[in-house]
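With my numbering, letter number 51 in the sequence shown gets 51, and the count goes up by one each step, no holes.
Please note that a few of the clues may not be correct.
Restricting the straight-line Cα-Cα distance to at most 27 Å, the calculated cross-link-like pairs of lysine-lysine (DSSO-like) are [unchecked claim]:
| no. | residue 1 | residue 2 |
| --- | --- | --- |
| 1 | K92 | K62 |
| 2 | K69 | K79 |
| 3 | K107 | K62 |
| 4 | K3 | K62 |
| 5 | K79 | K95 |
| 6 | K69 | K92 |
| 7 | K3 | K23 |
| 8 | K79 | K3 |
| 9 | K107 | K80 |
| 10 | K25 | K36 |
| 11 | K62 | K114 |
| 12 | K95 | K62 |
| 13 | K107 | K95 |
Hints listed in this document are in silico derivations from the structure and should not be mistaken for laboratory results.
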Amino acid sequence: NGKDFVRHMSNRFKKLATGTWRKSKGIDSSVRRRFKGTIPQPSIGYGSDKATRNLLPNGFYKFLVHNPKELEMLMMHNKKYCAEIAHNVSSKTRKVIVERADQLNIKVTNAGAKLRVEENA
């Protein structure tokens with residue numbers, strides 16, 4: 001996740017202030033013609049290494065899970081893939097998913113999300 005590409009002249013005009021990348025299409029555009037000293041443009045050479053593409057810093061690939069049954073797919077692949085619970089899953093279902101993942105020895109990236117801590121101590 002390197003440096004973002006900024007839109008040409010986004011520093012000059014407020015309406016382009018977000019600076020999200022848009023390709024220059026003008027007939028005389030020095031950026032489009034790739035003159036020396038102009039802003040960098042996205043190209044295939046910036047792609048990440050195929051071996052490490054989509055790999056999380058913990059060394060796993062992410063797999064989105066919506067219910068406990070979907071964890072069964074990761075049973076044989078728990079060394080390569082880790083589960084991530086989808087954002088719209090209830091806390092009740094989350095608890096079941098995390099428990100089942102423990103049994104199957106599957107790592108869950110956001111296991112602590114939406115868990116209310118009971119204060120009975």
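Proposed proximity, K95 with K107 (alpha carbon, max 27 Å): Roughly 14 Å separates the two Cα atoms, so the pair holds.
Restraint status (C-alpha distance of K79 to K3 at most 27 Å): Violated, because 31 Å separates the two Cα atoms, which is more than 27 Å.
Restraint status (C-alpha distance of K79 to K95 at most 27 Å): Judged against 27 Å, a Cα distance of about 22 Å means the pair holds.
27 Å Cα cutoff - pair K3, K23: The given pair, whose Cα atoms are some 17 Å apart, holds under the 27 Å limit.
Pairwise hint evaluation, K62 against K95, where the allowed Cα distance is 27 Å at most: The given pair, whose Cα atoms are some 19 Å apart, holds under the 27 Å limit.
Agreement of K25 and K36 with the hint, judged by alpha carbon distance not exceeding 27 Å: 18 Å, holds
Agreement of K3 and K62 with the hint, judged by alpha carbon distance not exceeding 27 Å: This hinted pair holds, its Cα atoms lying about 23 Å apart.
Agreement of K92 and K62 with the hint, judged by alpha carbon distance not exceeding 27 Å: 22 Å, holds
Proposed proximity, K92 with K69 (alpha carbon, max 27 Å): 15 Å, holds
Distance restraint between K62 and K114, which requires alpha-carbon spacing of 27 Å or less: Measuring from Cα to Cα gives roughly 19 Å; hence the hint holds.
Pair hint K107 and K62, alpha-carbon separation not exceeding 27 Å: 10 Å, holds
Proposed proximity, K80 with K107 (alpha carbon, max 27 Å): At roughly 10 Å apart (the allowed maximum being 27 Å), K80 and K107 satisfy the hint.
Hint compliance for this structure: hint 8 alone is broken.
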